[in-house]
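> Dock chain B against chain A, hints included.
Each chain, letter by letter, is given below.
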Amino acid sequence: MTFLKTLKQKFKIKRTRKLNRSLYGDIALFILLLLFGSFSAYPLIMTASNAFKPLDELFLFPPRLFPRNITFDNFRDLSELIGNSWIPFSRYFFNTILITTLGALGHVIIASMAAFPLAKYRFPGRSIFFTLVVYSLMFAPQVTATPNYIIVSKIGLIDNPAAIILPAIASSLGLYLMKQFMQQIPDELIESAKIDGASEYRIFFQIVMPLVKPAWLTLIILLFQRLWITDGGSFIFSEELKPLSYALRQIAQGTIERAGTIAAVSFIMMIVPVTFFIFSQSRIVETFSHSGMK
Amino acid sequence: METVDKTIHVPLTWSQRLIRDVKKSKHYYVLMAPFAILFFTFTVLPVLMSLGISFTYFNLLEPPQFIGLDNYLKLFLEDDVFIIALKNTLILAVVTGPVSYLLAFVFAWLINELGPKLRAFMTLIFYAPSISGNAFLMWLIIFSGDMHGYANAFLIKYGIINSPILWLKDPKYMMLVIIIVQLWLSLGVSFLAFIAGLQSVDKTLYEAGAIDGIRNRWQELWYITLPSMKPQLMFGAVMQITTSLAIAQVSMQLVGFPSVQYAGHTIVTHLIDYGTVRFDLGYASAIATFLFIVMISTNLLVRQILRKVGE
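Chains as they are written, first to last, in this note's numbering: chain A, 1 to 294; chain B, 1001 to 1311.
Some hints here could point you the wrong way.
Ranges of calculated distance between the beta carbons of each label pair, as one might list FRET restraints [unchecked claim]:
| no. | chain 1 | residue 1 | chain 2 | residue 2 | range |
| --- | --- | --- | --- | --- | --- |
| 1 | A | I27 | B | P1227 | 24 to 34 Å |
| 2 | A | G197 | B | Q1253 | 56 to 66 Å |
| 3 | A | L23 | B | Y1029 | 52 to 62 Å |
| 4 | A | N69 | B | K1074 | 38 to 48 Å |
| 5 | A | S127 | B | I1161 | 53 to 63 Å |
| 6 | A | L60 | B | S1297 | 47 to 57 Å |
| 7 | A | N69 | B | F1076 | 54 to 64 Å |
| 8 | A | G25 | B | I1037 | 50 to 60 Å |
Going by beta-carbon spacing under 10 Å, a handful of chain A positions derived as facing chain B [to be verified]:
| no. | residue |
| --- | --- |
| 9 | F36 |
| 10 | I109 |
| 11 | A115 |
| 12 | T146 |
| 13 | P167 |
| 14 | S282 |
What the hints contain is simulated information worked out from the structure, not anything from laboratory work.
Treat the numbers as computed from the prediction; the structure is a model and nothing was measured.
Positions of the beta carbon are idealized from the N, C-alpha and C atoms, including for glycine.
In isolation and in its complexed conformation, chain A is listed as follows (with noise of 0.2 Å):
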């Protein structure tokens, strides 16, 4: 506390704040952020709030932002309909942790292996190999899609967990973002452990994997929303196998009398992410801050 003080002293924060702000300036920006902020916010509100409303309400025009009788029977519903499958819904959900959390822990470790040597040290193709992955940054996975459905078929991986894993925890996205936040850990820290006897892989597990943990959730994160809403596409096809998105996703085809079920899964869909970012958006935003290209 006393050193946020004296920092705070030191640059006189509570003045510069308001340096060069108008009040005009800031009535209007007051006035965009809540304009545009309800536009952002008013369907994922409508999805949350249909999710708990009875079926009455849910054709009332206009439409109510928030449900006048809170029910849960649209979750009830959902939960019968998944009952009535012949696969047991603890199944899809299990096949989802499973691709899930694989994914993102397989990615953090095999994007930070790469991304450290890629950070901290010169060496023989290093430059064309980060040089390729900025470049795969700049065209959509749906360019390879063909080729990557060939492969997999190929090694043996279709209807395997592993055909959707395998290509996810390669993101160059997780790799670039990590070898940038590496780019930051002071070069002394390394050299002296290196005096000290350290061999490359202590240096990396002991000293620099401690340190970018706030990288770590990034990645953890960014891989967890792109696993969450795959439905295994054409690489499973196996009931057995198949993610919870997919189950959803079915339940969700149905006509009108299903939109409270329809809801529902929007909801549970949306929640999940949306509260990982919740509890790690300061660790997010700080990797981020590394994010810049040259």
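What follows is chain B alone, placed relative to chain A:
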């Protein structure tokens, strides 16, 4: 950190030096190996394969047959649907690309003026749509073609229109709907990068600027903030360009696949059509290769332009 040994006096040839450096760096290659192998298998190799397959006729069942440039000729000279897809993709990219980039920056900038708690909250509000799974399907209800669609009901109530508009079925409105929803979804990682970049601008620069005669927030933005954030602006541009050229999910889920008169068709939906529905993989690869070239060259071009800004 420099790993080249300065004590060697005998001049080595280029290849000898290379071999020596590679040997010295073996630990680095070991560390990079797992990622590199997967990256080459699932990113680099597919790009090369796509290029190769685009010169063949290939349906997965029979071995590919070399047919030269036929796929590309057909794509540009005979395929009218592709021309529609190309036109739509360009419209979507030209509108959503720059607009979403600008919005991401403007909102990040406005949010940066707020206190920490409110800033975190507004960041969540703007970023949440891009991570909310299929919550964008709420727009199906908003733009529903009957009287119950929120947009229709609203416009009718205030007398702007008399009869409901078929937002998702009328080719006149489809692109508008896709653009709105895509913009709603577009404050993604580049937005986070901008927020982070704004927070890491050296605060003392603002004080120094005030002493040097900067009088309002616009001058501050132009002379201090933007130049300090150039790397993040570059990163954000790459992210927004790539996303805006690959629009497909929103189109397929909202206006249908294929959409009425292909009015919501894009290059990526065309690619999906040939790759996973018709199984003409040679043709799909030609589309993919074309899209790859468009994405890379747009990115490089915009990077060149952004580099010039403020120099």
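> Now look at each hint and say whether the structure bears it out.
Evaluated hints:
The supplied range of 24 to 34 Å is met by I27 (chain A) and P1227 (chain B), whose beta-carbon atoms lie about 28 Å from each other. For the pair G197 (chain A) and Q1253 (chain B), the supplied restraint of 56 to 66 Å holds, since their beta-carbon distance comes to about 58 Å. Between L23 (chain A) and Y1029 (chain B) the CB atoms are about 60 Å apart, so this pair conforms to the stated range of 52 to 62 Å. The beta-carbon spacing between N69 (chain A) and K1074 (chain B), approximately 59 Å, falls outside the hinted interval of 38 to 48 Å.
The hint said 53 to 63 Å for the Cβ distance between S127 (chain A) and I1161 (chain B), and at roughly 58 Å that hint holds. At about 50 Å, the beta-carbon gap between L60 (chain A) and S1297 (chain B) stays in the expected band of 47 to 57 Å. Take N69 (chain A) and F1076 (chain B): their Cβ atoms lie about 59 Å apart, and the range 54 to 64 Å holds. Taken as a hint, the range 50 to 60 Å holds for the pair G25 (chain A) and I1037 (chain B), whose Cβ atoms sit roughly 53 Å apart.
Because the closest C-beta pair between F36 (chain A) and chain B is about 7 Å apart, less than 10 Å, the hint holds. A least Cβ separation of about 8 Å between I109 (chain A) and chain B falls short of the 10 Å threshold, and the interface hint therefore holds. Proximity of A115 (chain A) to chain B holds as hinted, the smallest CB-CB distance being about 8 Å (cut-off 10 Å). The restraint placing T146 (chain A) at the interface with chain B holds, with a minimum CB-CB distance near 5 Å, inside the 10 Å limit.
Restraint check, P167 (chain A) versus chain B: the minimum CB separation of about 4 Å is within 10 Å; hint holds. Hint on S282 (chain A) holds. Least Cβ distance to chain B is approximately 7 Å, under the 10 Å limit.
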